[in-house]
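K.L.:
Sequence:
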Amino acid sequence: MERATPVFFASTASKSMWMRVLSGVLWPDCQPARCSSAPMPDSMQDIWVRKDSPLKKFGDLKGKRFGVWSRGAGATRTLEALAIDGFKLDLNRDTQTIEIAGPALMALLDKGEVDAMFNLSSLSIAAASQPDKYRLLFSPDEYWKEKTGAPLVWSAPTIAWKDWIDEDRQRAKNLVDALHESWQWLRQNSDKAVEKYGKLAGVQNAAEAATLKKMLQGGGIFLDKWDPKIIDAQWKFLDLAKQAGIIKAVPAKDKYTLVLR
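Under my numbering, the first residue of the sequence shown carries the number 1, and numbering increases by one thereafter.
Because the hints were derived from the structure by calculation, they are not lab data.
A quick note: this is a predicted structure, and the numbers were derived from the prediction, not measured.
Among the hints, a few may not be true.
What the hints assert, rightly or not - Only pairs whose alpha carbons sit at most 20 Å apart, straight line, appear in this in silico EDC-like list of lysine to aspartate or glutamate:
1) Lys236 / Asp94
2) Lys214 / Asp224
3) Lys57 / Asp94
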């Protein structure tokens, strides 16, 4: 496994914490004085429909009722960019988008009151664990892998201030190594991890536990490396986000990224 430090520079309110986990990845107000660092989760939220749905592809959502748990979430804004890129579909204009809390959204799908849902990670796992009831319509991560050869990073990086890294780069690298080791432990000990922490991840039953274990073992949750190929793929996405009007400008890649080895 390549042990490298992914770094996105981003603004945050103060230096009351040298490090934190940041939810979301689209930061239009990036500043070079700050940075994010460490392995990150890749995309694990997908679009789900009922098994008996006539919808076959993402583009079929045009004119349909599309449920999301949050319009403003980084995952949803990311999906907007991919919809335009791959299907010329403007989710806000071309679908009847319904914003509602995650559990209620799943209930609406069950009742047929929405045609598809894009939900929280825990409820995406719940859908994936019931193939007799739900069917995958679109996977942002698989789409991006096919397009770029790299996973799509959009969620919860661990961030640190740039001067904290510069002050002691070995310390920063040690942190990243420790995080990589923790992700590796989770993959190799998924039974123990889900048994102890499954409820915190929203696991409700044995089927969901088995689905989460499979995801952990397959490396489908945590990004295990950060290299030029991964960085290039993320900057291609930022270009799409700008074209879609989600961000105003794309930060300079050589200024806002760093790989520590």
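K.L.:
Are Lys57 and Asp94 close enough, with their CA atoms no more than 20 Å apart?
P.N.:
At roughly 15 Å apart (the allowed maximum being 20 Å), Asp94 and Lys57 satisfy the hint.
K.L.:
What's the verdict on Lys214 and Asp224, does the C-alpha distance respect the 20 Å limit or exceed it?
P.N.:
holds, 16 Å
K.L.:
Within a Cα-Cα threshold of 20 Å, do Lys236 and Asp94 meet the stated pairing?
P.N.:
Given pair Lys236, Asp94 is violated - Cα atoms ~24 Å apart, limit 20 Å.
Of the numbered hints given earlier, the model fails hint 1 alone.
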